[in-house]
Each structure stands twice: as structure tokens, then as C-alpha cells.
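Asker: Take a look at the letters that make up each chain.
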Amino acid sequence: MKNVIYIISAVLLSIVFWKCDSGGGDICLSNQNAAQAGLYSAHSLSDKDTVLTDLYIQGVGNDSILYDSVAVNSLFLPLSMQTDTTAYRIKVKTLLDTIWFVYKRDLSYVTSDCGLTMNIGIDTVLFTGRFIDSVAVIYPYILYNENIENVKIYIN
Amino acid sequence: MLKYILISLFLFTLGTAGAQTVTINKTEDKKDQNGLSLGIDISPFILYAFQPDRIGATFLGRYYFKRNWYSVAEVGFENVNFDSNSYEYISNGGFLKIGVDYNFFKVNNPNNTDNITAGIRYGIATQSQQSPRYTIIDDYWGDYTGEIGLSTVVSHYIDLVAGIRTQVFKNFFMGWTFRLKVLMASSSKTVLEPYSIPGYGKGDVNVNMGFTYTLEYQIPFKK
Numbered sequence: 001m002k003n004v005i006y007i008i009s010a011v012l013l014s015i016v017f018w019k020c021d022s023g024g025g026d027i028c029l030s031n032q033n034a035a036q037a038g039l040y041s042a043h044s045l046s047d048k049d050t051v052l053t054d055l056y057i058q059g060v061g062n063d064s065i066l067y068d069s070v071a072v073n074s075l076f077l078p079l080s081m082q083t084d085t086t087a088y089r090i091k092v093k094t095l096l097d098t099i100w101f102v103y104k105r106d107l108s109y110v111t112s113d114c115g116l117t118m119n120i121g122i123d124t125v126l127f128t129g130r131f132i133d134s135v136a137v138i139y140p141y142i143l144y145n146e147n148i149e150n151v152k153i154y155i156n
Numbered sequence: 157m158l159k160y161i162l163i164s165l166f167l168f169t170l171g172t173a174g175a176q177t178v179t180i181n182k183t184e185d186k187k188d189q190n191g192l193s194l195g196i197d198i199s200p201f202i203l204y205a206f207q208p209d210r211i212g213a214t215f216l217g218r219y220y221f222k223r224n225w226y227s228v229a230e231v232g233f234e235n236v237n238f239d240s241n242s243y244e245y246i247s248n249g250g251f252l253k254i255g256v257d258y259n260f261f262k263v264n265n266p267n268n269t270d271n272i273t274a275g276i277r278y279g280i281a282t283q284s285q286q287s288p289r290y291t292i293i294d295d296y297w298g299d300y301t302g303e304i305g306l307s308t309v310v311s312h313y314i315d316l317v318a319g320i321r322t323q324v325f326k327n328f329f330m331g332w333t334f335r336l337k338v339l340m341a342s343s344s345k346t347v348l349e350p351y352s353i354p355g356y357g358k359g360d361v362n363v364n365m366g367f368t369y370t371l372e373y374q375i376p377f378k379k
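Read top to bottom, the protein sequences are chains A and B.
Counting from 1, one number per residue, gives the positions in the first sequence under the working numbering.
Counting from 157, one number per residue, gives the positions in the second sequence under the working numbering.
These are calculated hints, taken from the structure and not from any lab test.
Beta carbons: idealized from backbone N, C-alpha and C, even for Gly.
Don't take each hint at face value.
What the hints assert, rightly or not - Each computed SDA-like pair below joins lysine to any residue, with the alpha-carbon atoms no more than 25 Å apart:
#  : chain 1 : residue 1 : chain 2 : residue 2
1  : A       : K48       : B       : K358
2  : A       : K104      : B       : K358
3  : A       : K104      : B       : T301
4  : B       : K345      : A       : D113
5  : B       : K358      : A       : C28
6  : B       : K345      : A       : D106
7  : A       : K104      : B       : I304
8  : A       : K104      : B       : V347
9  : A       : K48       : A       : P140
10 : A       : K48       : A       : A136
11 : A       : K104      : B       : R289
12 : B       : K345      : A       : Y144
What the hints assert, rightly or not - Listed below are several chain A residues computed to face chain B (Cβ distance under 7 Å; list not exhaustive):
#  : residue
13 : F76
14 : S80
15 : W100
16 : L107
17 : T111
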């Protein structure tokens with residue numbers, strides 16, 4: 001009887017050891033602090049995607065070019081976690097606009113394996129109006145592992 | 157997976173070797189279920205070989221107070237210290253569990269001291285934790301780093317326990333339990349949640365599974 005008990009014990013312990021020790025393995029995401037912006041035509045009554053070609057985007061105070069001569073109909077604009085305002089210069093051919101995002105930051109816990117993230121709540125979006133007609137904030141929250149459009153940028 | 161099988165078979169070999177050498181005295185063994193046992197859970201030491209970030213120990217006391225019933229108390233500590241790409245984490249804490257076990261293994265042999273038990277424990281744990289560094293990656297504007305200061309977390313949980321226990325030498329018992337743990341409450345005053353709650357396991361889940369492998373010495377009472 002004891003031998004049977006111990007054999008069963010050894011097998012069950014193996015399973016339990018493995019199960020309990022197999023913690024972790026979460027897939028951790030990075031760069032979750034970007035505002036998702038869709039580009040739309042300001043001349044359509046309903047939301048109609050528009051593509052900007054020959055597009056350059058650079059963060060104000062950053063030497064790196066975020067978008068370099070591309071054609072896109074949506075943008076991922078990282079918002080700096082060091083400050084409450086981030087500005088970008090957007091250039092289409094010879095026209096140049098600047099857009100400012102004003103937001104609140106909120107430190108949040110993800111999981112024991114992934115650590116922490118910064119959730120962002122957009123307060124206001126300001127812009128110059130060379131080719132940007134208007135901006136609508138449709139979902140102000142930038143949260144970990146969420147893929148939702150935050151703003152609509154309407155183009156003249 | 158294979159390493160766990162080998163370790164368990166090693167422990168099984170030790171257990172069966174000891175059991176085969178027991179000489180049972182029929183007159184004395186009627187008292188073997190009675191009295192106080194003190195023991196230690198050796199599973200944290202085995203796990204430390206695979207998870208050196210966590211170190212701890214658990215001690216237990218068991219008292220046979222009524223036919224087939226044991227009262228059990230467990231006390232222990234756990235320290236966690238790791239430094240990953242995402243954050244550095246330090247935690248030091250301890251726990252206390254109290255509960256009962258019921259022995260389902262009933263035979264007509266008074267010399268038999270095997271137990272198959274099921275039981276329940278109420279556990280309370282307290283720990284101090286901090287994160288001296290955390291890093292949130294931002295490839296364009298630069299990574300954000302910060303720290304979270306020392307805070308105390310108190311947690312309450314329930315263990316549902318099932319296992320076996322058998323005498324391998326006179327007054328020496330060996331056994332294991334499989335546990336289903338349910339977190340009832342955990343207070344954390346900062347954004348940092350406990351990586352591991354002493355006596356419970358991973359702090360960011362409401363249900364954990366666990367096991368113990370115990371060695372006990374039953375204090376012989378003289379009448």
C-alpha cells in the first residue's frame with residue numbers, strides 16, 4: 001500500500017512542481033504610450049479616410065524623425081512620459097503644422113512579470129491650421145494593450 | 157518537466173527505504189496518532205534551486221485533538237529579491253496559518269499510521285515591499301524610470317488542503333499536501349502589487365495552487 005501511495009505521490013508531485021513553477025511567461029508590451037490618430041477628409045460629411053503622402057513628422061525637442069517621407073492614413077504619436085505636453089511638427093510637401101497634446105499621466109501596475117506602465121488621459125489637442133482643419137478627441141485614454149483610435153485629424 | 161520527475165522519484169526512494177525498515181510495536185502504536193508533531197516543509201528549499209529570487213521556510217505544528225481530527229498551525233517567512241529589465245523588486249515578510257485536517261484513511265489495523273487528509277487553513281501574511289527602480293520603455297522620447305518606496309501589505313487567504321502522511325521511522329512522519337489557495341483580501345497602499353505573498357504565492361492572481369513536502373517529528377508523550 002505504501003509503495004503505491006508513494007508512486008502516486010511522485011507522479012502527482014512532478015505535475016504539481018511543474019505547474020507551480022511554470023509561472024511567468026507573460027508577453028510584455030512596450031511603447032504603450034502612443035496616441036492613435038486617424039486622418040480624415042474635412043470635405044466629407046461622413047468620416048472618410050484620407051492619405052497624406054510625402055509626410056514628415058518630428059517631435060518638438062527630439063532630433064529623430066518619427067515619420068520620414070511616408071504615405072499613411074493613420075498615425076502613432078508617442079506622448080512623452082516625462083512631461084504633460086508633447087508637440088509634433090507635421091510637414092506635408094511644403095505645408096507645416098504643429099500639433100500639441102496636453103494630457104494627464106497615471107502610473108499603473110500591469111502584472112508581476114511586466115511591471116508598470118503609464119496610462120495617459122488626453123485633456124486637449126491644439127494645432128496650427130495650415131492644412132489641419134480640426135481635431136476631435138474621440139477616446140481620451142491611452143491604456144496598456146488597448147488598440148483604439150484616440151483622435152480624428154481632419155485634413156483640408 | 158523531467159527534472160521534477162527525477163527529484164520526486166529521489167524523494168520517493170528515500171521514503172520507501174525508510175518505511176521498509178520500520179519495526180512496529182503493536183502495543184505502543186495505539187498512541188501514535190495522539191499528541192503534538194512539529195515539522196518543516198522542505199519544498200521551499202527544493203524550489204530555491206529553480207527560483208533563487210525567492211527564499212523562505214515554513215514550520216508547522218500538528219495536534220491530534222479528537223478522533224481523526226488534527227489542528228494545524230503553520231508559520232513561515234519569504235523574502236523576494238530580483239532585478240529584471242522592467243523593475244527591481246524587494247520584499248520581506250512572514251505568514252501564519254491555522255486550520256484543521258480530517259483523516260479519511262480508516263483501517264481496522266491499529267498499527268497503521270497512514271493518513272489521507274483533507275483540511276482548510278486561514279492564512280494571514282504581512283510583508284514590506286519596494287521597487288527601487290522601474291523602467292517603462294519609450295523608444296522615441298526615452299525610457300521613463302522611477303522608484304516606489306517602502307510600503308506594508310497585509311493579505312488574507314484560505315488554503316484548501318489535501319494530502320497524505322505516513323510514519324517512516326518511529327515518531328518520524330513524511331507527507332505532502334496539494335493546496336488550492338484563494339486570496340480573500342490584500343491591502344496595498346501604493347500602485348505596486350505584491351510579486352509574491354508569503355505562504356500564498358503569486359500576488360496578482362486570486363487563486364493559486366501549491367504543495368508542501370513535510371518532515372515531522374511526533375513528540376512522544378509518556379503516560
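Asker: Does each hint fit the structure? Answer for all of them.
Answerer: Hints, one by one, checked against the model:
| no. | hint | in the structure |
| --- | --- | --- |
| 1 | K48(A) - K358(B) | violated, 48 Å |
| 2 | K104(A) - K358(B) | violated, 31 Å |
| 3 | K104(A) - T301(B) | holds, 17 Å |
| 4 | K345(B) - D113(A) | holds, 20 Å |
| 5 | K358(B) - C28(A) | holds, 17 Å |
| 6 | K345(B) - D106(A) | holds, 15 Å |
| 7 | K104(A) - I304(B) | holds, 19 Å |
| 8 | K104(A) - V347(B) | holds, 16 Å |
| 9 | K48(A) - P140(A) | holds, 21 Å |
| 10 | K48(A) - A136(A) | holds, 14 Å |
| 11 | K104(A) - R289(B) | holds, 22 Å |
| 12 | K345(B) - Y144(A) | holds, 22 Å |
| 13 | F76 | violated, 10 Å |
| 14 | S80 | holds, 4 Å |
| 15 | W100 | violated, 15 Å |
| 16 | L107 | holds, 5 Å |
| 17 | T111 | holds, 6 Å |
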